[in-house]
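S.K.: The primary structure of each chain is shown beneath.
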Amino acid sequence: MSRLHFIAMRLVKTALVVFAVVLLSFLLIRLAPGDAATVMAGQSGYADEAFMKSLRAEYGLDKPLPAQLATYLGTVARGDLGTSYVRRQPVLDIILERLPNTLLLDAFALVVAIAGGVWLGAAAARRPGSAGDASVTVLSMLFYAVPQFWLGMMAVLVFSVWLAWLPPFGIETMGADYTGLARAGDIAKHMVLPGMTLALYYLASYARLTRTAMIEVADQDFVKTARAKGIRESQVARRHILRNALIPLVTFAGLQASILVGGSVLVENVFSWPGIGTLAYEAVTARDNPLLLGIFIVTAVLVSLFNLVTDIAYSIADPRVEMGR
Amino acid sequence: MKKFAAVFLGRPMALVGLAVFAAIVATALAAPLLFARGPFTIVGMPLLPPGAPGLLAGSDVLGRDMLVGLAYGARISLLVGITSTLGAVGIGVLLGAVAGYYGGVTDDLLMRVTEFFQIIPSFVLLMVLVAFLQPSLNSTVIGIALISWPQVARVVRGEFLSLRGREFVQAARTLGMRDAAIIFTQILPNALPPIMVVSSMMVGSAILTESALSFLGLGDPNLLSWGSMIGGSRSAMWVAWWTTVLPGLSIMVTVLALNFIGDGLNDALNPRRGR
Amino acid sequence: MLVSMQGLTVALPSGADRSLAVDKVSFEIDANEIVCIVGESGSGKSVTAHAIMGLLPRGVTATGGSILFDGVDILRQPPEALRKMRGCDMAMIFQDPMAALNPVVTIGRQIAEQICAHRAISQGRALKQAAELLGRMGLPAALLKSFPHQLSGGQRQRVMIAMALSLSPRLLIADEPTTALDVTTQAQILKLLKEIQAERQMSVLLITHDFGVVADMADRVVVMRHGAVVESGTTNAVLGAPSHAYTQALIAAVPKGEAILPPLPSTDPLISVTNLSKRFRRGGFFSHAPTIAAVDGVSLTLSRGETLGIVGESGSGKSTLARCVIRLLDPEEGEILFDGADIAHMRSGALRPLRRRIQMVFQDPFSSLNPRQTIGDILIAGPRAYGEDIKDARARAAEILRMVGLTSESLRRFPHEFSGGQRQRIGLARALMLKPDVLIADEPVSALDVTVQAQVLRLLDDVRAQMNLAMLFITHDMRVAAQVCHRVMVMRHGRVVETGPTRDVFAVPTDAYTRQLLAAIPGRLTATQ
Amino acid sequence: MALDRRAILGAAAGAPFFAAHAWAARDGIINAMMTDEPATLCYPLFNTRLVQEICGNINESLLLFDWQFRPQPNLAQAFEMSPDGLTYTFHLRSDVIWHDGAKFTARDVVFSCATMLPQLNPRSRNAFSHVASVTAKDAYTVVFRLKEPFNAFLLSLMASSAPMMPAHIYEGTDFRTNPFNIKPIGTGPFKFAQWKRGQFIHLTRNEHYWRPGQPGMDGIYYRVCPTPEQRMVAMETGAVDLALADDIDTVVNSRLVANPNLVARADAYNGTGEIRVMELNQRRWPFGDRRFRAAFLHALDREFMVKAINFGEGKVAHGPIPSTAPYYDDKVLTKYHHDPAKARALLDEMGLKPKLGGVRHRFGLMMVPDGGGAWTRGAQYVKQALSEVGLAAELETTDWPTFSRRSGNWDFDCDTNSYGEYGDPAIGTSRFFLTSNIRKGVPLTNLQGYSNLEVDRLLGQAAVAIDRAEAQTHYSRLQQILTHDAAMLWMYERKPLLFHNRRLKNVVMGPNGPADGFGAVTRA
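Protein chains in written order, with numbering that gives the first Met the number 0: chain P, 0 to 324; chain A, 0 to 274; chain C, 0 to 528; chain D, 0 to 523.
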């Protein structure tokens, strides 16, 4: 099956998943108690029936459910995710405005997690049962057991409150209006705490996975063959053991994407990082259905595309997969 | 079975985990005996530091005894962790078994559904579920169970797929055993080890998820759990560190203990390494 | 003397079933000769070979003795010096070609890697040398770019040999190189090894459990048991006149490959199968990959008291045919008449009463018994499924256990407490619990050691005679078939190529493929001389 | 003490109340914060506290009010009231121009008070429902003719209820979607400059502002700062000069009060006169029974709530009218002090004996969603205090839409809430006790279903009483009945702290605080 055919198949699958996401969240949120009209009524402090009725009409909330779904699907197809009830702005604009911040944070976390995790895992696997190996295992189990949001709060407590080394909140120093390199430096400084908090959780899982994968591969026959061929031990470790251990890592990276988005809701909330994580939380508490639905769709599409990338990477890493299903 | 005990007890970390977990469950159950007053009783001024008179762990933002709060908080966290895992394992085993054993359409269908749950950010879905069902203990448990059963289903399906081909299963069919008997007496007992490992890890992650929900204010308002204690202390943290540090440590220790047990189970029950 | 091993002792990690893997083993390997180490599984033959290469697994250490290679003691060599010798002065090939090559790297680069590790030459020239080596092995140079999973078992073993010979080592160690291969492929690989040894005047240490291979290949032979050398000497001396009792027993247990049982007078068949076909579809639910016919229009008859052997290489469809007869699989076309009723397409309800009269013994002793059940529960599973009284079933179980040579005390024990041979006996007992008319044995002995194999085969034959069973015996080993079957049927690619009384087929094979199979039986030439 | 309104105003008119100080440094920016972004900046349409504080600098009202709630000149430099209290004539300043250069005339006042305000803002609609007609006698004179006397009429012209909107911008357009809603035009000291979504709203100084010497500053930034901790850090690090009500969680008040370069003002919101209350759905048994409500109050230690739960912010409320607002009469109030024994006695008297588990009655307590802040802590304290007298309150977390929907449709047992008195009971308090204001489906009305004919009569008479003394007698009788009847569970008067940078002067100039704008602010 040629690679293009494989990608086409995967894109169809992504579309199916996104459609399922839209359908599920649409049904779920439409059936939820309370709707947009009550949102705005509640917020403006003063409201009466006339005001509420006009709002419902304006946002088409009085039409029957299937009609609402049909109109909604039509608009989504055109890329219009509706307007946010609370912010009175197109949902897509709000999300796209905040998405880069989340992508920046998640990318940083993923890179640190994969690099750190593989390096730690490989080091632990080289001397199984040694002190180094045991400490990596316990350390990774530790980070696996720590609630992410609490880890974030501890980071704020230590590095911002007590040591005051790093800014605890936001993406930039407020009102400083730096530009160019200064601004990049400022953002980087702000990204350290949330980024590391998000990364440590996944670093732990990558370290564990790399360690177990490498120990398992080290027992395989072809590693014995390599040694029988008189290959230097370091080359055996890199070219034979690590090369094969990477395969499960690639699929694991794919699975991590959706968990990463979930994780960033918590970390962004603790650090007031203006990403779609905080947006999702605000949308849920303010019952802003279109915004929440929009975030679902955008994250689902992103994660699906990321999975497509990892699938292709997997097929490159493991020639045994003839780009089959 | 005795070989399993030998290997499991042989692993120091698993033993420590079991001891710590048992201690936590014991304190949670014995809380009414240990402490005269309930977790909500106001005992003094808020935000008194640990070691203040009569307050080993200090007082929280409402002037309640933190130590009593931590003991009663354990109840909710453990209750949610265990019940939601049981729910998830129940659904997961059922669907995984059917898909793994019969294969074909049911298998493909289940794989599509589990893949869907992998794609969608599960925590965001959980937030909506809990908000939709109005935050309460039930909605938390149902929500967590709904987003974690696919993980179990995938493991069970994998086990059933491999065990279905084993010769003792084919022998059972030639001996005339009905499908149900084969599933429950032949395959399921052999699929139990990985299920137990996944379940023990899942109790830990369920506790973490519950604490995250309570932290975001989506937990049950009438109950005191470690997560809600941390959630309530987001501002207080700046003037009273113990209101955040102590509940967080309790969660970490409990989940760590569970992970150690899971690791021990994995080694003891995993034929390859255990033998 | 190229290799001289003196009093080698290798300790096993604590917790293994015995303390020493190899106990004071001594033997020599001269230049330009093939030495064979033969012994059953667990005899320490493989550990000895690995010790020479310095490839002992983690936790297994050489604690005594010495291995002189060209005067240099391998055990005392620093790791770096030993590494330089491996692959250059001495090389090794392994048993399972499927797992011995790195799945994610092309064949060419894996061979070139070894050359570049020892010689300072460019990757390009190394690849050219690799192409020549493959040519010598009868493999096209195009294979350089393909991956291991795209090659057959035989091709991969040839690649391993090419790789081992890339720096013309003086010693080649082959650890059961052909055990995992088909009979015909095995014959070709052994022939290739013999030619190369003669051509390069090199020394070969061949590890095997099959005396036929020893007979065909070895100049000298060493017999090992429980980590110690029992006997050694030239092949003719050891095979012709074995001095040690263990060797004698071993040689006697090897099936000679001559038909023993006379054909039975033909009676009306209990089972008659007419042009049965079974197709499998590769790929998943959506893919429209072509279906392959595992069994294509096969017919056979089987009467009471008779053993019909179905022989063929892996992929010939013999096992699928057996599973169709016992309705573990549902055939697409064909008729299976059993006691007058066609059970080919019968619904499971009607099939149940007939199904209990056909039972099966499986191949892998470690997978055919449920590890979590006691032997008692395993045996009464059949009667319980048909609602018979449990107490009677338990009594009968004890009785049948004695019949297959086990004590009734084992009813309470678990499968992991029994050896491979004992487990096959339990499997047979389980099949006999339902008092079947037909017994299907699917490769019942191929996973067992030679001595145990002989006992189980004799048991099967006694049971067949005693209970007047009709038996369908599936095997890939012609020698085993000759020992047990009245008639044999040779299958290839899902079709029957020849069928007839065992004696006639072995003496005057009419089909070319049968002749090729018979010729490939190791040790057959010497046996009939 | 019959004060002649005209006399008061006359004296004030001469010497402008806000004396023009010499402002040394004209440069400098005020940095304030926004908890989250308002949907729109159209003052009357989206009347949250945040919009009041931002638009307080942009849109001005006819009158301002001093600490004793006496009217002061603003866009109207003078006004007369007819002896029968039915006609008010306002004389507008002639030198006022809109930010876009158009002249401010009577036409704008008539358009605002007759059309735009009543249509968009429910509180304005309530006030202007007493107005028969609004006519412009000439370009700078406006006459209001009332249907019957309404002594709270002047107070209802406060900025938060009656900001003057530009007729030339809004007349004939759909107020809700008018493009100027997100770039408002006003006459105030600051004008709208830029709104960068998710970041800040920037107001710059109005060069042509009519009040001499104002504004003292060059501009104001309202920066988005979503979480309480982030706002606290912003204040402490000096990145922000101003923290308004509800910006800071009371937990950390002690930290900011102790901060040397910050000033804490507790009187900046006397104008709104907010009271935190708990409402009982009196249609459902036993909430209709006065003794239950009294027992409820007796069970709570409201001093502890203020001191411990609110960390000292606020004062126990004993009646419907805040102690700082006019017409408050302490001596007539029936006060309910913390007395659990009396609470149990009252419940026994009602027949609510403790059943299994010591529980006398079980009911739901719907909480205002505030993400675990002061509201939630208050409710948790109440639940605990009530449990000690055998009342089991089940806390219910909600989000804003659910809270509005359920409270509007009376689908609750008990809820936490708060209302602003806005200087006059007729504006802020009456709506919660008038039988006529029991309207299903509408939040912030007489949700409890409290109906007392004498109270209705008193509220009606007080509103139309011309003479303050006459209104006082009615309101005193009102407070006596309502407190005796425990008509509502008044918790405490909120005195939210306003923190600002010590170097900023004249931040709080009156009871309305920030809602009157920061025209007078200067940086020392």
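Hints were generated in silico from the structure; no laboratory data involved. From a predicted model like this one, the values you see are computed outputs, not experimental measurements. Among the hints, a few may not be true.
Unchecked claim - Derived contacts from chain P toward chain D, CB cut-off under 10 Å, selection only:
1. R86
2. R87
3. V111
4. G115
5. N268
As the list claims (entries may be wrong) - Calculated lysine-lysine pairs in the DSS-like style (CA-CA distance at most 25 Å, straight line):
6. K439(D) <-> K52(P)
7. K334(D) <-> K354(D)
8. K382(D) <-> K330(D)
9. K314(D) <-> K341(D)
10. K62(P) <-> K52(P)
11. K144(C) <-> K193(C)
12. K223(P) <-> K434(C)
13. K439(D) <-> K62(P)
14. K83(C) <-> K190(C)
15. K382(D) <-> K334(D)
16. K136(D) <-> K146(D)
17. K330(D) <-> K341(D)
18. K195(D) <-> K188(P)
19. K223(P) <-> K144(C)
20. K102(D) <-> K146(D)
All C-beta atoms in this analysis are idealised placements derived from N, C-alpha and C, irrespective of residue type, glycine included.
S.K.: Could you run down the list of hints and mark each one as holding or not?
M.R.: Evaluated hints:
Hint status for R86(P) relative to chain D: holds, with the closest Cβ pair at about 6 Å, below 10 Å. Evaluation of the R87(P) hint against chain D yields a held restraint, the C-beta minimum of about 5 Å falling below 10 Å. Checking V111(P) against chain D by beta carbon gives a least distance of about 24 Å; that is not within 10 Å, so the hint is violated. Below 10 Å, beta-carbon pairs count as interface contacts, and G115(P) has none with chain D, the closest being about 28 Å; its hint is therefore violated.
The closest approach between the C-beta of N268(P) and any C-beta of chain D is roughly 8 Å, which is under the 10 Å cut-off, so the hint is satisfied. About 14 Å separates the Cα atoms of K439(D) and K52(P), which keeps this hinted pair within 25 Å; it holds. Taken as a hint, the K334(D) and K354(D) pair is broken in the structure, with Cα atoms around 29 Å apart against an allowance of 25 Å. With a C-alpha separation of about 31 Å, the suggested pairing of K382(D) with K330(D) is violated against the 25 Å cut-off.
About 23 Å separates the Cα atoms of K314(D) and K341(D), which keeps this hinted pair within 25 Å; it holds. Under the criterion of a C-alpha separation no larger than 25 Å, the hint pairing K62(P) with K52(P) is consistent with the structure, at around 12 Å. Straight-line distance between C-alpha atoms of K144(C) and K193(C) comes to about 28 Å, which puts the hinted pair past the 25 Å bound. Pair hint K223(P) plus K434(C) does not hold up; C-alpha atoms about 49 Å apart against a cutoff of 25 Å.
For the suggested pair K439(D) and K62(P), the alpha carbons sit about 23 Å apart, so the restraint of at most 25 Å is met. Simply put, K83(C) and K190(C) have alpha-carbon atoms about 30 Å apart, too far for the 25 Å limit, and the pair is violated. Pair hint K382(D) plus K334(D) holds up; C-alpha atoms about 21 Å apart against a cutoff of 25 Å. This hinted pair checks out: K136(D) and K146(D) have alpha carbons roughly 19 Å apart, not beyond 25 Å.
For the given pair, K330(D) sits about 22 Å from K341(D) by alpha-carbon distance, which is consistent with the 25 Å threshold. Of the supplied pair hints, the one linking K195(D) and K188(P) holds, its CA atoms being roughly 23 Å apart against a limit of 25 Å. The hinted pair formed by K223(P) and K144(C) meets the criterion: a straight-line CA distance of about 22 Å does not exceed 25 Å. The hinted pair formed by K102(D) and K146(D) fails the criterion: a straight-line CA distance of about 31 Å is larger than 25 Å.
Checked against the numbered hints given earlier, this structure breaks hints 3, 4, 7, 8, 11, 12, 14, 20; the rest are met.
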